[in-house]
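Chemist: Assemble the whole structure, with the sequences as input and the hints as a guide.
Here are the chains, one letter per residue:
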Amino acid sequence: MWCHTITTRSHYSIHLLHAVFRSCCVVAVFFFSKVSTSASELTFERDIRPILAARCDKCHGAKARKANLSLIDLVSVKRGGESGPSVVAGAPYDSLLFEMVHSGAMPPEDEPPMTAEQVSVIRQWIESGSDWTGHASDQSATVTYADIVPLMLRRCVMCHGPEYQLGGVDLRQPSLMLQGGKNGTVFVAGKPNESLMVTRVVEQLCPPKADIGESGIEPMTPAELERLQQWIAAGAKHLPLIEDIATDEPDPLVTDDERQFWSFVPPQKTPPPTVAPDAIRTEIDAFVLAKLNAAGLTFSDEADRTTLARRAAFALTGLPASETLLKEFTEDHSGEAWPRLIDQLLESPRYGEKWGRFWLDMAGYSDSEGKRNADSVRPFAWKYRDWVIKAFNDDKPYSEFLVEQLAGDELVDWADESSVTDEVISKLTATGFLRMVPDGTAADPVNRFSDRMEVISDAIDVVSRSLMGLTMNCARCHSHKYDPIPQRDYYRMVAVFKGAYDEYDWMTPHAFNNQWKNSKQRLLEVLRPDERAAIKDRQRQAQQRIDEITAELKQKVLTGDQKEKLRAEQTQLTAKLQQLPKIRALWDRGRPSPTFLYRRGDETQPGSLVGPGVPSVLTDGRTPFQPVALHHSTPKTGRRLAFARWLTRDDHPLTARVIVNRVWQQHFGRGLVESVDNFGQLGTLPSHPELLDWLAVDFVEHGWSIKRLHSRIMTSAVWMQSSAITDVHRSQDPDNRMLSRVPMRRLSAEEVRDTLLLVAARLNETPFGEPDAVDVRKDGLVTSKPVDGKWRRSVYVRQRRKEMPTVFEAFDLPQMTPNCTERTASTVVTQSLYLLNNRMVFELAQAFSARVRSEAGDNETRQVTRAFELVLNRQPSDEEREASLYAIGRINQELSVEGAGESELESPAGDDSKTSALAGFCHGLLNSASLLYVD
Amino acid sequence: MSIDQHTTRRSFFGNSTDGMFGAALASLLSDDVYGRSLDSGLDAAQTHFAPKAKAVIHLCMQGGPSQVDLFDPKPALKKYDGQEPPRELTQTAVFENDRRGQLMQSPWKFRQYGASGAWVSEVLPHIAGEVDELCIVRSMYNVHSNHEPAIFKLVSGQTFPGHPTFGSWISYGLGSENQNLPSYVVLADPAGRLPTNGVSNWMSGYLPPVHQGTRMRAGDSPVLNLKPDYEELPGVTAAKRDLISRLDRIHKKSRPGQRVLDARLSNYEMAARMQLEATQALSTADETEATQKMYGIGHKSTDEFGQRCLLARRLIERGVRFVQLFPRGQAWDNHSNIRTSLKSICDITDQPVAALVKDLRDRGLLDSTLVVWGGEFGRLPMSQGDLKKAGRDHGPYGFTSWMAGGGSKAGSVYGSTDEIGYASVENRVSIQDWHATILHLLGLHHEELVFNRNGLGERLTHQFETRVVHDIIA
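Top line first, the protein sequences correspond to chains Z and R.
Just so it is clear: in the first sequence, position 216 is 215 by numbering that gives the first Met the number 0, and no numbers are missing.
Just so it is clear: in the second sequence, position 400 is 399 by numbering that gives the first Met the number 0, and no numbers are missing.
None of these hints come from the bench; they were simulated from the model.
Misleading hints may appear alongside valid ones.
[What the hints assert, rightly or not] Some but not every residue of chain Z turned toward chain R, in silico, with C-beta under 8 Å: (1) E217; (2) P221; (3) R371; (4) A723; (5) F767; (6) T823; (7) V827; (8) Y833; (9) S883; (10) G919; (11) Y932.
[Unchecked claim] To give an idea of the chain R side of the interface with chain Z (calculated C-beta under 8 Å), a few residues: (12) E147; (13) Q157; (14) F159; (15) L225; (16) Y229; (17) L232; (18) G234; (19) D241; (20) I243; (21) V259; (22) N266; (23) M273; (24) L275; (25) E276; (26) T339.
In this text, a Cβ means the ideal position worked out from N, Cα and C, and glycines have one as well.
Modeler: In structure tokens form, the structure reads like this:
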């Protein structure tokens, strides 16, 4: 907390400064005119440079250039860094340099602040403005083409760009600009006021008034117009644009020292420490036991076999152990029994449903767009869900799994209709991963650049946190305060995604009846040729029938009823005509806009131009990023594919570590690195660093197989320990950081619901397809709708953000904003209220009791035993049996007393199970802690 | 990492299982289970400094109440009625659309009320009568002119969902005084029409779910699932609960040290207590006729909202920290027919709101209860649509909110908008200033009320430049 408080403070001070800085530009000019007359004797070389050299050079000197800022000479100071110029002559309080040292934000926390004297000298020097010798043009440097490009992007390319070329004009590139349009050239070099692109704006013809607002395009500001005029006046020169990309020169923004942080260095396998060989089962155990031994501890006893089987079944399938599995396992005392049980669970199709859900949390899976009240439903999002579940069941190597999700569209030539196969469709579907973040451009046709930037930044956030364990989003506004991630690197990532996510060439999730009507939506109709032919055939038949009906309807002999019937059929057929299978994908369009770094994250303040690249600190800093050259039937940048291949290199420092840590966290409630999303400076150090690295390397060496990783972990003595807490644990390892036991685990929201359905024999095991609808009651209760009296597994229930089933909310299913990489497991009263009072649970208890009766007969003792077996995978203890029989007796008594009085209440419709004592007991058992908490 | 300032401050290790929401507390006590130390307890907490208020009633006037027709009289509108607004006064407009339309004078007369002499429109006669309790801020502004983002901003400090709402932050910062009731209660429209942004108005975001607003309603089952949603003999229910309790005790006995199981047990006991207490709190049967009349209960236009304002007082009396009321839909969104549509929502809310302020004062609760009234923005001073049925469009650049009680400066007016009421110009108050000031009155420092998320200290005022508005504090 101590360090977090600091973080917060300094984080905010920067923003404060930015705000101040921004609001004062007007004032600055004003001051400026005064300074030349009040020259002072302070000069940069004599008075300022020595202070900077002593206090700032470590980070802003010749060797390092943090925040892209160098303070070694006057030119550099004037140029400033990623947040703009450091000094506004004459106006210290508008000058970043002064504000930083004045507020104490700089030098950073671990350095002493500047003396009051030093701060004062800097202030006086800025105030005097003596180093600016009166040339106002110093500040407003010549307008170049690089200043004009962002202007065109923001204000013009919506109508004169990739999608539309109104008046035949395209303003994206110099060559196209020079071509002009139907009305001739768009500018006359040297004559701004005779240039069409100026006069259209001056006369308020561009952007067209009627469309202002609707498309999120606003007129040029006077300052922007002036800039445009200046550029044309100066000859409208098209200098080549130079993107900032990694070269083979050393990177000035990230030092080699910074590359030495533990998580930025590729993991190395070190041999497990030596421990007593009979105390361990696998290498994993050696790492853990060595640490326990050092603290005078050892492993807990192994859990009993039924406990292990139940724990394993929930861990891998999210459901209790099946009876056959349990029987086989408890009867087989060979050493092979345990690994076999694990293999059987891993082979179950239920495995993909449980672990697919784990990944859907990472992606932020949702069946709706979010962000807006409408929360419009995303059709076909479920195909990605199915893809994930299948990938887990097939144990698709994690590296491929990632590459397909990040760049599936660049792996295949999907636009070539004749060569579409299931494989092509699968790879396109995988890119749904990048389409899962909340999207405010969905419901509202008026979407702004900032709405689009939110989508892009959420997508980058999901990629960087979920896959790399880095919190890159800080660098959207300024270089990361703690990790060596310059702002430039954030925008290099933005450029990687630009071919598909382009704020100046946006595709709305739905088409609208305005400028976005050409928006091709985010759905692709990619079909196998045979499928396409079959559909066309069906459509032809349908069309034929529609035409027939039209003809029939013209005959006057029909009765009203007949007509109505025909019309209904016609409507149905017409609707079907439009129903084509689609894929909600992300795809590169091969025409990326240039990427500008946005100063302070503000898209109205474009800074330097950057090209695609990966975070420099994760490379040697002198290797250029090479987009993959693709020769497909449509143009593609190949940037994401290059990024994905880099990310899944065997020696990537983060990718394998991050995923093995997440899987570990799912098994043990806490990762070896506790901050599962943050492997950077502000993250926690690994509790068992050698084990983490060993697991990561082992994972990669064995083909990035997640299933094998589960086996590895679950066959260890660590995993097989009992969850009992002893006095020794309490004193020596109270929070279980050393893994002296296995934590007791509360079932997840899905596991609770699925288990209730399973034991009540109301679980429909049909996988995949359209999500199941939910019903919202007036008082706010949200329930999934059954089909034929049964419900499918929770992962198949529609996940609409504003309509989350109550049971999921009560048991901590998170809101996906944009995703959730670590769920909480609270114990709150709403859970008890739900299990006790909710009608669906009550009815499931009735169904469960009917099952128990049919399997155990009428003997109450046998019924109790059977109910325990079905719910808890074990027999009741004597005490439990006694308590259960007592409850059954008591309820029977209540019913008979009451039954003597008013009989109509407890035997409605002759269904005795509704009120039977057995059902009451079953309802109680479904409410018990032993169901909810797994040992 | 495990001991942050909150955990020490609250020293919750001494208090693990008691209380309805102590359950959440106990779950975090089982650090040994999950190894995290989420500070999700709801036991009453110490504040950063001495608080003036200990509870908040948020009258969330969604839609955008028109400041120039309610609290911010602009004679210039009469003078320039029918003219376009001067461009130099609309510089703050983000969209060109926001400069369209002709200035329109208010259809209502203003006059000064009370000892403070603050101006209030004749359309709010009852609130005008309580003006000496109000601290009117005329210089609010929001950053977005669409309802949804502006409301997200108003309730959570950001223009998009996912961040905790300020009620959740207050619950997180203060905990609960009554362990049998939630600390954050929402009284939404009982007709079931959720306000704009739906349940996101009271979400706890990344704060523990226990700090989420709980929707309550008058009547038989004030909280979802509070009572069985099926028919059952009371004796059967009792036997079932007894069984659960016995099974859980047996289960716990063989698992010493698993504190989460203690929490589970007390949860079921608490569920029963809550049923009683919540039902009592949400029934106004024991209120005197005079009180009911004062709130307008029994009178057609005011009955429903009057009921809810009265419930708000009853909840505050029982130690609830944060009560949030939403009148109905976007009733303040008067795009057309402002003469009738604004009048209608004023008629519905004026008397109940005034009664709430008065009632709290009469019962000595106003000093410790902060009442906050306001929308996500105000309205532009121009007319919108056909002149005969004219309304006004959204105006985020300057609008009015007010506070009463809880240490706010009674009988004062702070800040101002420009000559035509378009944008706030003097002593501007941003949404985050507003939040920080509310936290301040509760004894919480907005920079210190932080929650660790992915290594970043999240807070209600986020990264924005924020000031506590000391001038509106008594």
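Chemist: For each hint, tell me whether it holds in the structure or not.
Modeler: Going through the hints against the structure:
1. E217: This hint holds: E217 of chain Z lies near chain R, its Cβ roughly 7 Å from the closest one there, short of 8 Å.
2. P221: violated, 11 Å
3. R371: Where the cut-off is 8 Å and the nearest Cβ of chain R is about 5 Å from R371 of chain Z, the hint holds.
4. A723: Where the cut-off is 8 Å and the nearest Cβ of chain R is about 7 Å from A723 of chain Z, the hint holds.
5. F767: violated, 29 Å
6. T823: Holds: closest Cβ of chain R sits about 6 Å from T823 of chain Z, inside 8 Å.
7. V827: holds, 5 Å
8. Y833: Check passed: Cβ of Y833 of chain Z comes within 5 Å of chain R, closer than 8 Å.
9. S883: Result: holds, 7 Å to nearest chain R Cβ.
10. G919: holds, 5 Å
11. Y932: This hint holds: Y932 of chain Z lies near chain R, its Cβ roughly 7 Å from the closest one there, short of 8 Å.
12. E147: holds, 5 Å
13. Q157: The hint is violated - Q157 of chain R has no Cβ within 8 Å of chain Z, the shortest such distance being about 10 Å.
14. F159: holds, 6 Å
15. L225: Hint on L225 of chain R: holds, closest Cβ of chain Z at ~6 Å, below 8 Å.
16. Y229: At about 5 Å, which falls below the 8 Å cut-off, the nearest Cβ of chain Z leaves the hint on Y229 of chain R intact, so it holds.
17. L232: Holds, about 5 Å.
18. G234: Given a least distance of 4 Å, the restraint on G234 of chain R holds.
19. D241: Given a least distance of 7 Å, the restraint on D241 of chain R holds.
20. I243: holds, 5 Å
21. V259: Holds - the Cβ of V259 of chain R comes within 8 Å of chain Z, reaching about 6 Å at its closest.
22. N266: holds, 4 Å
23. M273: holds, 7 Å
24. L275: violated, 13 Å
25. E276: Where the cut-off is 8 Å and the nearest Cβ of chain Z is about 12 Å from E276 of chain R, the hint is violated.
26. T339: violated, 25 Å
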